[in-house]
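> One-letter residues, chain by chain:
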Amino acid sequence: MMRQFIQLSITFLIVLFTLIFVFVELSEYIVNKNSDFKLSNNTKYLVLGHSHPECAFNDSLIENFKNISQSGESYYYTYFKAKKIIEQNPSIETVFIEFTNNQINESMNSWIWKEKYMNYRYPRYSPFMNFTDKMVLAKNNLSGYLNSISLSLKENSSRIINQNFNYTNSIGGYLYLVRDKTDSLVNNIEKDYSLPENFKISENNLEYLNKIIDLCEEHGKKVILIRSPQHSMYSGYSNENIYQEIRNNHFFSIEYLDFSKFPLDNSEFGDLEHLNHKGAKIFSIWFAQLLNMEILEKSNKQEFINEEIKARTHNNGNRCTSH
Amino acid sequence: MLFNSIDFAIFLPIFFILYWFVTNKNLKLQNFLIVAASYLFYGWWDWRFLSLILFSTIVDFTIGNKLREEEKQLKRKVLLWTSILVNLGFLGFFKYYNFFLDNFTTAFSFFGQDIQANSLNIILPVGISFYTFQTLSYTIDVYKRNLEPTKDFIAFSAFVSFFPQLVAGPIERATNLLPQFYNKRTFDYSKAVDGMRQILWGLFKKIVIADNCAEFANQIFNNSADMNGSTLVLGALFFTFQIYGDFSGYSDIAIGTSRLFGFDLMQNFNFPYFSRDIAEFWRRWHISLSTWFRDYLYIPLGGSRGGTWMKVRNTFIIFIVSGFWHGANWTFIVWGALNAIYFLPLLLTHNNRNNLETVAQGKLLPSLKELTFMLLTFSLTVFAWIFFRAENIGHAISYISEIFSSSLFTIPTILPRNLILLIMFFVLIEWLGREGQYAISGINFFERRAYRWGIYFSICLLIFLFQGKQQEFIYFQF
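Going line by line, the protein sequences match chains S and V.
Residue numbers for the first sequence follow the working numbering, so the first one is 1 and each next one is one higher.
Residue numbers for the second sequence follow the working numbering, so the first one is 324 and each next one is one higher.
The set of hints was computed from the structure by calculation and includes no laboratory data.
Hints may be right or wrong, so weigh each one.
Chain V regions said to be covered by chain S (calculated; three or more residues, Cβ under 8 Å) [to be verified]:
| # | region |
| --- | --- |
| 1 | 503-515 |
| 2 | 780-789 |
Think about it this way: if two alpha-carbon atoms lie no more than 20 Å apart in a straight line, the pair counts; the simulated SDA-like pairs of lysine to any residue are [unchecked claim]:
| # | chain 1 | residue 1 | chain 2 | residue 2 |
| --- | --- | --- | --- | --- |
| 3 | S | K154 | V | L785 |
| 4 | S | K116 | V | S328 |
| 5 | S | K83 | S | R3 |
| 6 | S | K139 | V | S328 |
| 7 | V | K348 | S | R3 |
| 8 | V | K348 | S | H250 |
| 9 | S | K200 | S | N266 |
| 10 | V | K514 | S | M1 |
Listed below are several chain V residues computed to face chain S (Cβ distance under 10 Å; list not exhaustive) [claimed, not checked]:
| # | residue |
| --- | --- |
| 11 | S328 |
| 12 | I329 |
| 13 | P336 |
| 14 | F344 |
| 15 | K348 |
| 16 | F768 |
| 17 | Y774 |
| 18 | W776 |
| 19 | K792 |
No residue lacks a Cβ here, since even glycine has one placed at the ideal position from N, Cα and C.
Chain S extracted, bound-state conformation:
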């Protein structure tokens, strides 16, 4: 009797897990096969990243440009989105990838596998992940991952039932930020920019940045790392030395454009790390001009940008006095 009980229990569990596995895999296969990431035909430039570029690049003001950055997105999830977009949009020539101070921090790991982030992003991108990618999540947060699988099955089933495979509206875009609290932040800030003793970098996040770069290069796309404008009092600068070291050691062959010192007034920042809609408008118009001046064809891009920024700072006089 005991033997029969154990045999039946094991059989039941095997059938159950097989059923769930088949449902999950089948739904992911169907969604992956039909997924639609097509952008408009004239999109030549793409910007990827988290909330910094999301708030900085108003793509309605920049020709042939698409901003698909999203708040709280680590490179891990950006990679899957980038893969599909690049595959389905041959018109893209250049991919700008935000590479800023906080993206090297260990806290990025929680953006990958903490339940709050995983439950939101995994269901969206699971059809485009392979076994190794999924194991990163399972290894670091098994219970959260199991929960995300169920959410993913629900989302994929709903896409299949509704025949809705379009992703272009849910993968990010320019965020029109109205917030304006920089003055109060500046007045109340504790000016401690020292690096925490237990500072660590997120190897996982950087690994997926590498993967995005490799992916773009495999498809013949030009890759440029960028740093969006940030307020000079932004605490993220505390790791600047390590940040520069990583950039020089790991990404020395990738072009890098630093806009972090772009001169803006406090009222043009939403907070110390995000531009609000006013700042985004000024920066985007200026960035569009740079593209029109064929900045991407120049060999000394950063010097050119620095000169432009300097001239602009000079012209604006007291703009962004903190720089």
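Got chain S sorted already, so can you dock chain V onto it with the hints?
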């Protein structure tokens, strides 16, 4: 360790193997394994409080044996009160110390006497109210000579700490559970299968119904000032199903798990929301606690034997104490008192034992009269739950005031359609299975295994697809 966690999913099969294959030939060893596993299960949450369980075990075991030898009534009474004071002393300190302190200082301030008293930062040990009552039942039964005290310390420790019901019941009587540790357990196939089925249904109640309802109930109760009347009604309904799914789900998992190891625990919930009056509701809700209070408090106080005044007094005492057992907050006391008010008219008019059998027994649908009384009882229960869930009395009153305003007739601002459909499905299954021990216990009606498995797979898939965000069991905090 939570029943709905990966930890428990690993713990249970390991324990199963050790229990049935390694220690099965030696009863003492098997009981020792139960104690060790139970301490591990409890210690997973906080090992420091294991000392409380151990101390309680030693005290009641010793007193039980002293009661066996002692013939003098006065000394027996002293021994009994020692056990009561030790057990309730722990409970009082960990659970009620700050409550009494706050209320005393408030009372003194009210009369113009400001006194300084520092409240303590005390963590409430999980399940203390449950195992305290369980050990008390042993001493009281031994004192009353209803039970022979045990000489087997391991068996007694296993009775106190038995992991399936240690932290949230059912609160077992020593007369029922303790003797089960004296006899060799043999594996019973149909009992084990039934246990697995009950675990599955308990998980569905907890993970799908309770956890999903919790999300919306919390959202609505925590922001009640910004919600309209209809949303608040929905919030109270979600909490009604949350607490039932959560607590009865836990009991189902506890009972089912025990059955896997050859133990029979008492039924703790018997479809209470299908009750036709409050008396019936209390015969079906948290049965192990209600009967505990009945046997060890209500009857010793005189029960319903005396005059009207005594009946009223005893009813209020038992309901208020029951409310207070749930937590050190006036909201629980008001919840208890409210139930006493609901119950008294039935008791005084001798209508409290009208509905002893299951509603619409043997029929598919209830009569119009039965349906009306069920809805009325359900509404009263939902209303009382508002006090149970509210942060304080003021919160409950403002919540209720907003319900009885014109905004009651507006569209709810929060309307999770999927969850409402799930609740409707759940109520339907519970209704169809209301004559069994638990809703899907009658599944053997399907003779072919393929049909039964089809139902089990469907429930598993529903759990997988509609699982809510994992929440702790509500009754852990009691």
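> Each hint needs a verdict: does it hold in this structure or not?
The hints, checked one at a time:
1. Against chain S, the region 503-515 of chain V contributes 4 residues with a C-beta closer than 8 Å to a partner C-beta. That satisfies the three-residue criterion, and the hint holds.
2. With a cut-off of 8 Å between beta carbons, the region 780-789 of chain V has 6 residues touching chain S; three or more are needed, and the interface restraint holds.
3. Proximity of S/K154 to V/L785 is assessed by CA-CA distance (about 11 Å); at most 20 Å being required, the pair is judged to hold.
4. For the hint pairing S/K116 with V/S328, the CA-to-CA distance comes to about 18 Å; that is within 20 Å, so the pair holds.
5. In summary, the hint linking S/K83 to S/R3 is not supported, as the alpha carbons are separated by about 50 Å, beyond the 20 Å threshold.
6. The suggested pairing of S/K139 with V/S328 holds, with an alpha-carbon distance near 16 Å, which does not exceed 20 Å.
7. Restraint check for V/K348 and S/R3: the C-alpha separation of about 17 Å stays at or below 20 Å, so the hint holds.
8. In summary, the hint linking V/K348 to S/H250 is not supported, as the alpha carbons are separated by about 63 Å, beyond the 20 Å threshold.
9. For the hint linking S/K200 to S/N266, the alpha-carbon distance of about 31 Å lies beyond 20 Å, and the restraint is violated.
10. Between V/K514 and S/M1 the alpha-carbon distance is near 11 Å, which keeps this suggested pair within the 20 Å criterion.
11. Satisfaction of the interface hint for V/S328 is found here, the shortest Cβ-Cβ separation to chain S being roughly 7 Å, below the 10 Å cut-off.
12. Evaluation of the V/I329 hint against chain S yields a held restraint, the C-beta minimum of about 5 Å falling below 10 Å.
13. Hint status for V/P336: holds, given a least beta-carbon distance of 9 Å to chain S, under 10 Å.
14. A hinted interface residue such as V/F344 counts as satisfied when its beta carbon comes closer than 10 Å to some beta carbon of chain S; here the least separation is about 9 Å, so the hint holds.
15. About 14 Å separates the beta-carbon of V/K348 from the nearest beta-carbon of chain S, more than 10 Å, and the hint is not met.
16. Because the smallest distance between the Cβ of V/F768 and any Cβ of chain S comes to about 19 Å, over 10 Å, the interface hint for this residue is violated.
17. For V/Y774, the shortest C-beta to C-beta distance to chain S is roughly 14 Å, which exceeds 10 Å, and the interface hint is violated.
18. Interface restraint check for V/W776: the shortest CB-CB distance to chain S comes to about 7 Å, inside 10 Å, so the restraint holds.
19. Given the 10 Å rule on beta carbons, the hint for V/K792 holds: about 8 Å separates it from the nearest Cβ of chain S.
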